[in-house]
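Protein chains: 2
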Amino acid sequence: MQLTLDGDTVRAGNRARERFYDSRGYGHARGGDLELAPVEAAHLAYRGDIDGVDGMGVRELLGSGVVSAGDFVVYKDLRDRGFYLTPAREGWVGDPDGVDFVVYPRGQGPWDDDVAHRVRVVGERDALPAASLGDCALAVVDEESEITYLDTTRHTVGGSSDAAVPDTSGQLLSERVLCWNPPDVLYEQAFYGQRLDDDTVQLSLLEAAYLAREGTLTVERGEHSGDGADAVVARGREVEGERFDRRLTVYTALRESGVVPKTGFKFGADFRTYADVESAENLGHSELLVRALPASHAFEPRDLALDVRLAHGVRKTMVFAFVEGEGVEWVAVERLTP
Amino acid sequence: MQLTLDGDTVRAGNRARERFYDSRGYGHARGGDLELAPVEAAHLAYRGDIDGVDGMGVRELLGSGVVSAGDFVVYKDLRDRGFYLTPAREGWVGDPDGVDFVVYPRGQGPWDDDVAHRVRVVGERDALPAASLGDCALAVVDEESEITYLDTTRHTVGGSSDAAVPDTSGQLLSERVLCWNPPDVLYEQAFYGQRLDDDTVQLSLLEAAYLAREGTLTVERGEHSGDGADAVVARGREVEGERFDRRLTVYTALRESGVVPKTGFKFGADFRTYADVESAENLGHSELLVRALPASHAFEPRDLALDVRLAHGVRKTMVFAFVEGEGVEWVAVERLTP
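Which chain is which? The protein sequence lines are E and U, in order.
Going by my numbering, the residue at position 142 of the first sequence is 142; the numbering climbs one at a time, nothing skipped.
Going by my numbering, the residue at position 76 of the second sequence is 76; the numbering climbs one at a time, nothing skipped.
Some hints could be false.
Since the list gives no way to pick one copy over another, a pair counts as held whenever it fits inside one copy or between any two copies.
[Unchecked claim] Simulated crosslink set (EDC-like; lysine to aspartate or glutamate; CA at most 20 Å straight-line):
| # | residue 1 | residue 2 |
| --- | --- | --- |
| 1 | Lys266 | Asp77 |
| 2 | Lys76 | Glu146 |
| 3 | Lys266 | Asp303 |
| 4 | Lys316 | Asp151 |
| 5 | Lys76 | Asp197 |
| 6 | Lys76 | Glu144 |
| 7 | Lys266 | Glu144 |
Calculated directly from the structure, the hints in this document are not laboratory data.
Bound-form chain E, shown alone (with noise of 0.2 Å):
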């Protein structure tokens, strides 16, 4: 059977369709007839159900561009795994923006409703915009054509950690204020800081810097740059640039909504979180890891596939937050085996 292509779209007639679409979930019906996307009219001819289109085999339709080699190892592995899937075209499905293919759950096919996966081909080398993700399956086709699956969904923080601190004062050195002789619930229960020894507790920057905006911390003028909150923002500015007020403003949120933020630097993200700090001394295992990045931040995929793949071998949640002025958007993203 040879098949026909009619600018993006493989036609076929009423016998195609009963064999590809009502029994295998190919393509989509229109009228009696049967329209197929290119990626699946290269299946169907690698898999030697059909001659070819136009007379090009599936070679030549990898080899002439028609189909991207990308999408059809991704529309392959998701058929070998089980799935029927469908191109996310206007008119197929639901909502096809921002996906290429649409994936039913396992026994299901377009002719249903539910919707298991919704799917991005993206290549290694493609650029992945911020705004993009959230509510999308990525996979990712790197060189040598393996496929990483990566779950993106909207995440909201939030937690009970709520201990309230009495007023203290701290010292301002280059890159950290130290407290001497705080109050204990500073560290013990409220979880600020580190610290030096029984008496001292040092503080970071950011923790100094929203400590002091709430009125908690009052700063000696050290060597640098005065005293105050505004002292330690902008010692902060300093030494890490605009990046430093986009952490702020990501601690800011995790902490007002009860989450206590804690460097997580040895896992080579911005924070790690815990949702429910009772004492320093008792700790629970940590949540999130965190990254803050601007909103307008594109991804390399490789970058987005290091950081899930570690904060899953620490078994925690990795999770973007996408700063825009004050607001702060969470996107969190796990692997996916489909």
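Got chain E sorted already, so can you dock chain U onto it with the hints?
Positioned in the frame of chain E, the structure of chain U alone reads:
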């Protein structure tokens, strides 16, 4: 006891030398007297062993910037771990270049010849030039003053993977080369590419460029840029820029050392490597994760921590390949617990 600051050296007399150098390894003995670096004097003041330096206690020494807080927390941490260590000054230690402290094996001190670690103190916001790595341990002080120790060593790559591949041909697509019915050894023993199915192997552009340059692979003219090795390399440069050449240099160096590089995408690296491949079916554990970087690269310590942490989590060694022209320098970086 008040000591005296003279330039960047704290001077003390014979009694101090006996108490602090002879019995506890602080400072450098000069004649009967003692010279201390300010960080050592700050530690003695912090412990209450001296009253101060020119009237300054530890708060003033840190607050005035005479002693860097990063140096202080690392010095204190290593002392807390039971080490004697000497600030790396000309005349005080054998090879002071590129490090801040020379740390002796436990139970030994500046009177002995052995060195356990050569330690450089790095703030998490400091740039780390590639050229400065390879013969030192980094003590990275993060924004909360926690310390991550990373050991950096020169590395030699080598393996026994040397299966010979008969000549074959492939079809150049936009980001891969498809080999239809290639010789089995291509994938099975030499472990090039990835199977699409029993009859088809997909090569990455890197693998194809290497094989084509070797004369093993003939590349058929596809939709892209003609045929031959040059066409593959040209295509690689189109999609990756100069990074493609850098990675091809590293790929070639690994293959020529008997090591099989495969994509490290799932680990966020350029390659994972297998030193002793006998067959693709019977692969051992891959030993290294390799990231190819220009020799002029400067790391953010956080990125380094991320790579090393991930590699550790998957029981591999993180190796950086610094490329200059056709030359490659290999540096392994691993977590260290002093």
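Quick rundown of the hints versus the structure:
1. Lys266 <-> Asp77: Close across copies (17 Å), not inside one copy (35 Å); limit 20 Å.
2. Lys76 <-> Glu146: within (12 Å within a copy, 48 Å between copies)
3. Lys266 <-> Asp303: both (16 Å within a copy, 10 Å between copies)
4. Lys316 <-> Asp151: Classified as within; 15 Å inside a copy, 26 Å across copies.
5. Lys76 <-> Asp197: Intra 59 Å, inter 11 Å, cutoff 20 Å: inter-copy only.
6. Lys76 <-> Glu144: within (15 Å within a copy, 48 Å between copies)
7. Lys266 <-> Glu144: Between copies only: 11 Å across chains, 30 Å inside a chain, cut-off 20 Å.
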